[in-house]
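S.K.: Heads up: the protein sequence lines correspond to chains A and B, in order.
Counting along the first sequence from 1, when you hit position 62 you're at 63 in the numbering used here, and nothing is skipped either side.
Counting along the second sequence from 1, when you hit position 160 you're at 212 in the numbering used here, and nothing is skipped either side.
Since the hints were derived computationally from the structure, they do not count as laboratory data.
Treat the hints with care, as some may be off.
What the hints assert, rightly or not - Only pairs whose alpha carbons sit at most 30 Å apart, straight line, appear in this in silico DSSO-like list of lysine-lysine:
1) A:Lys118 - B:Lys160
2) B:Lys119 - A:Lys179
3) A:Lys97 - A:Lys81
4) B:Lys250 - A:Lys179
5) A:Lys44 - A:Lys97
6) B:Lys160 - A:Lys189
7) A:Lys148 - A:Lys118
8) B:Lys150 - A:Lys179
9) A:Lys23 - B:Lys146
10) A:Lys182 - B:Lys146
11) B:Lys114 - A:Lys182
12) A:Lys61 - A:Lys78
13) A:Lys189 - B:Lys190
14) A:Lys182 - B:Lys159
15) A:Lys37 - A:Lys63
16) B:Lys55 - B:Lys83
17) B:Lys146 - A:Lys118
18) B:Lys83 - B:Lys114
19) B:Lys159 - A:Lys189
20) A:Lys182 - B:Lys173
21) A:Lys189 - B:Lys113
22) B:Lys173 - A:Lys189
23) A:Lys97 - B:Lys150
24) A:Lys118 - B:Lys159
25) A:Lys3 - B:Lys135
26) B:Lys56 - A:Lys189
27) A:Lys189 - B:Lys114
28) B:Lys311 - A:Lys189
29) B:Lys164 - B:Lys135
30) B:Lys135 - A:Lys23
31) A:Lys3 - B:Lys150
32) A:Lys23 - B:Lys261
33) B:Lys240 - A:Lys182
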Amino acid sequence: MKIVGLTGGIGSGKTTVAQMFKDLGVPVYNSDIEAKALMHNSKVVREGILELLGETAYKKGKLNRAYIANKVFNDDKLLKALNSIVHPAVREHFLKWVDQQDHSYVIQETALIFENKNQNNYDAIILVTAPEEIRIQRVVSRDNSSKKEIISRIANQLGDSEKISYSNFVIENIDLEKTSKKVLEVNKALLEYI
Amino acid sequence: MIKKVQKHLKKRKVKVFLIFLVLSSLAWLIKTLSGEVISRATFNLEFVNKPDSLLLIDVSKKTVDVKLEAVGFQFLSFGIKTKTVFIDLNNVEKNSNKFYIPQSIYKKQIEKQLSNTITIKDIDRDTLFFNFTELIRKKVAVLHDLELEYAKNHVLEGEIKVMPDSIIITGPSNEIGNISSVNTTKIKLVDLKESFSKSVKVIRPKKMKNASFSNAEVKVSGVVSRFSEKLFAIPVEVINLSLDVKIEIFPDIVGVLCKANIGVLKDIKESDFQVVVDCNGMLNTNTLPIEIKKTPNHIYSATTKEKEVTYILTRQ
Chain A
2 MKIVGLTGGI
12 GSGKTTVAQM
22 FKDLGVPVYN
32 SDIEAKALMH
42 NSKVVREGIL
52 ELLGETAYKK
62 GKLNRAYIAN
72 KVFNDDKLLK
82 ALNSIVHPAV
92 REHFLKWVDQ
102 QDHSYVIQET
112 ALIFENKNQN
122 NYDAIILVTA
132 PEEIRIQRVV
142 SRDNSSKKEI
152 ISRIANQLGD
162 SEKISYSNFV
172 IENIDLEKTS
182 KKVLEVNKAL
192 LEYI
Chain B
53 MIKKVQKHLK
63 KRKVKVFLIF
73 LVLSSLAWLI
83 KTLSGEVISR
93 ATFNLEFVNK
103 PDSLLLIDVS
113 KKTVDVKLEA
123 VGFQFLSFGI
133 KTKTVFIDLN
143 NVEKNSNKFY
153 IPQSIYKKQI
163 EKQLSNTITI
173 KDIDRDTLFF
183 NFTELIRKKV
193 AVLHDLELEY
203 AKNHVLEGEI
213 KVMPDSIIIT
223 GPSNEIGNIS
233 SVNTTKIKLV
243 DLKESFSKSV
253 KVIRPKKMKN
263 ASFSNAEVKV
273 SGVVSRFSEK
283 LFAIPVEVIN
293 LSLDVKIEIF
303 PDIVGVLCKA
313 NIGVLKDIKE
323 SDFQVVVDCN
333 GMLNTNTLPI
343 EIKKTPNHIY
353 SATTKEKEVT
363 YILTRQ
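Work out the full structure, taking the sequences as your base and the hints as a guide.
M.R.: As structure tokens, this is what we get:
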């Protein structure tokens, strides 16, 4: 089975595009959602996080997201350590999930393919893009974050022009009708050529 | 109404107005076209330098959308002249079973085909994926389909020659895997008195849509000669007869009609033939079939006038 990566910067509309592929019958794995679930449910991940960040990382048995975010946001070393606990667990969980699917290809929706140098794990990569202004607007209305915060998060991610050079398909997600048309086109190419 | 308009057009004021209208439109057009203009276009892709060992079945994109910047005048000629761009398949990359050309590569190829003054501002960003199938080569026999009618006293000397007698077919295995021969188109030659040599087309079987033939035509030839006939009286030999039996056959000499080139025929003697009846073939009848066991070389045919002999057996 072929594995296709779906990625894009914050606010580009990855999940919207992923849903369009789902509607076409393509199995989609959302790495963010699954990572959060593993941080709650996986004993190995939980123990790793407790060891790394202490008891406060979980509050009443639930993940203390605000505390964790605050701890790792400005500490690259800690962020890397946290990723080294979560990412392998997600990868293992994903590969098990892939084995259970019955389609010519599956999609893994994940934000940081290129930043984590994972591009070689995929048979093809779809990049979702949108102009920066639109992305900021989307995130502001979705997360109630400040414009400044979002700009800083965008700056921490690789720029679209660099991502484009590593991607096989680029979906510009501004107009939903056009996006949907492009998704059909990409799905056809993936079914026939990958 | 038309008359009214024509009447107005003749008025000086209207004429002057129209002249200035045309001139100002022209000035606007020149001003617009002499500036930088951004325009969208769709290029048809044509693929060149296809690999010898692979057949291109399909490609993920047959057109690419581009956003171009150039001086307006150039778009005027560009729109008419360039609509197809060539993609060089020498740049195809392979990863496991997929063949592709990254956008950055085909973008460069397209840029090279545009005038220096035209800039690509934006272009489709998708990788071009290709479906190729492996080509195999197979040598197959060429079978002619000739219908020959000879003029009186003329005959084919030897066999019909097909040149070349086999061709190389290159194509996907599902098309040529089971094929062992191809036919030529049918031709009919009548009243043949002379040797012939004709070019005939090789028929491409309908299912071979992607195969190529090393030869589209072959040459078929044959040597036609005039023949003469001569009747020879040949004694019939009896073979495989038991020692305790005596046989008498009727007739014991048969006529053998021999057809051959006049030059050959004049050197043929009776002793060059052997005509027999074989007692092993005796049934409960009183006849035995006549066989010609030996004939001279370089003749076209030899046939006996009689087909069988009658016999009487007596014990010794």
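S.K.: For every hint, state whether the structure bears it out.
M.R.: Do the hints match the structure? See the list:
Proximity of Lys118 (chain A) to Lys160 (chain B) is assessed by CA-CA distance (about 26 Å); at most 30 Å being required, the pair is judged to hold. Under the criterion of a C-alpha separation no larger than 30 Å, the hint pairing Lys119 (chain B) with Lys179 (chain A) is consistent with the structure, at around 17 Å. For the proposed pair Lys97 (chain A) and Lys81 (chain A), the alpha carbon gap of about 24 Å is at most 30 Å, so the pair holds. The hinted pair formed by Lys250 (chain B) and Lys179 (chain A) fails the criterion: a straight-line CA distance of about 61 Å is larger than 30 Å.
Distance restraint check for Lys44 (chain A) and Lys97 (chain A): the Cα-Cα separation of roughly 17 Å lies within the 30 Å cut-off, and the hinted pair is therefore satisfied. Restraint check for Lys160 (chain B) and Lys189 (chain A): satisfied, since their Cα atoms lie roughly 26 Å apart, inside the 30 Å limit. Taking the CA atoms of Lys148 (chain A) and Lys118 (chain A), the gap is about 28 Å. The hint holds against a cut of 30 Å. Between Lys150 (chain B) and Lys179 (chain A) the alpha-carbon distance is near 27 Å, which keeps this suggested pair within the 30 Å criterion.
Restraint check: the Cα-Cα separation between Lys23 (chain A) and Lys146 (chain B) comes to about 29 Å, which is no more than 30 Å; the hinted pair holds. Taking the CA atoms of Lys182 (chain A) and Lys146 (chain B), the gap is near 28 Å; set against the 30 Å cutoff, the hint holds. Simply put, Lys114 (chain B) and Lys182 (chain A) have alpha-carbon atoms about 17 Å apart, close enough for the 30 Å limit, and the pair holds. Note on Lys61 (chain A) and Lys78 (chain A): the hinted pairing holds, with a Cα-Cα distance of about 27 Å set against a maximum of 30 Å.
Taking the CA atoms of Lys189 (chain A) and Lys190 (chain B), the gap is near 34 Å; set against the 30 Å cutoff, the hint is violated. For the hint pairing Lys182 (chain A) with Lys159 (chain B), the CA-to-CA distance comes to about 23 Å; that is within 30 Å, so the pair holds. For the hint linking Lys37 (chain A) to Lys63 (chain A), the alpha-carbon distance of about 11 Å falls within 30 Å, and the restraint holds. As the CA atoms of Lys55 (chain B) and Lys83 (chain B) are separated by approximately 37 Å, the hinted pair breaks the 30 Å bound.
Pair hint Lys146 (chain B) plus Lys118 (chain A) holds up; C-alpha atoms about 21 Å apart against a cutoff of 30 Å. Taking the CA atoms of Lys83 (chain B) and Lys114 (chain B), the gap is near 36 Å; set against the 30 Å cutoff, the hint is violated. With a C-alpha separation of about 22 Å, the suggested pair Lys159 (chain B) and Lys189 (chain A) falls inside the 30 Å cut-off, and the hint holds. Annotation: proposed proximity of Lys182 (chain A) to Lys173 (chain B) holds, straight-line Cα distance about 23 Å (limit 30 Å).
With a C-alpha separation of about 11 Å, the suggested pair Lys189 (chain A) and Lys113 (chain B) falls inside the 30 Å cut-off, and the hint holds. With a C-alpha separation of about 27 Å, the suggested pairing of Lys173 (chain B) with Lys189 (chain A) holds against the 30 Å cut-off. With a CA separation close to 25 Å, the supplied pair Lys97 (chain A) and Lys150 (chain B) stays within the 30 Å bound. As the CA atoms of Lys118 (chain A) and Lys159 (chain B) are separated by approximately 25 Å, the hinted pair is consistent with the 30 Å bound.
Restraint check for Lys3 (chain A) and Lys135 (chain B): not satisfied, since their Cα atoms lie roughly 35 Å apart, outside the 30 Å limit. With a C-alpha separation of about 61 Å, the suggested pairing of Lys56 (chain B) with Lys189 (chain A) is violated against the 30 Å cut-off. Between Lys189 (chain A) and Lys114 (chain B) the CA atoms are separated by roughly 14 Å; this keeps the pair inside 30 Å, and the hint holds. Between Lys311 (chain B) and Lys189 (chain A) the alpha-carbon distance is near 72 Å, which puts this suggested pair outside the 30 Å criterion.
A distance of roughly 14 Å separates the Cα atoms of Lys164 (chain B) and Lys135 (chain B); the hinted pair therefore holds under the 30 Å criterion. A hinted pair counts as satisfied when its Cα atoms are at most 30 Å apart, and Lys135 (chain B) with Lys23 (chain A) does not qualify at roughly 37 Å. With a C-alpha separation of about 11 Å, the suggested pairing of Lys3 (chain A) with Lys150 (chain B) holds against the 30 Å cut-off. With a C-alpha separation of about 37 Å, the suggested pairing of Lys23 (chain A) with Lys261 (chain B) is violated against the 30 Å cut-off.
Between Lys240 (chain B) and Lys182 (chain A), the direct Cα distance comes to roughly 59 Å. Violation of the 30 Å bound is thereby established for this hinted pair.
Checked against the numbered hints above, the structure violates hints 4, 13, 16, 18, 25, 26, 28, 30, 32 and 33; every other hint is satisfied.
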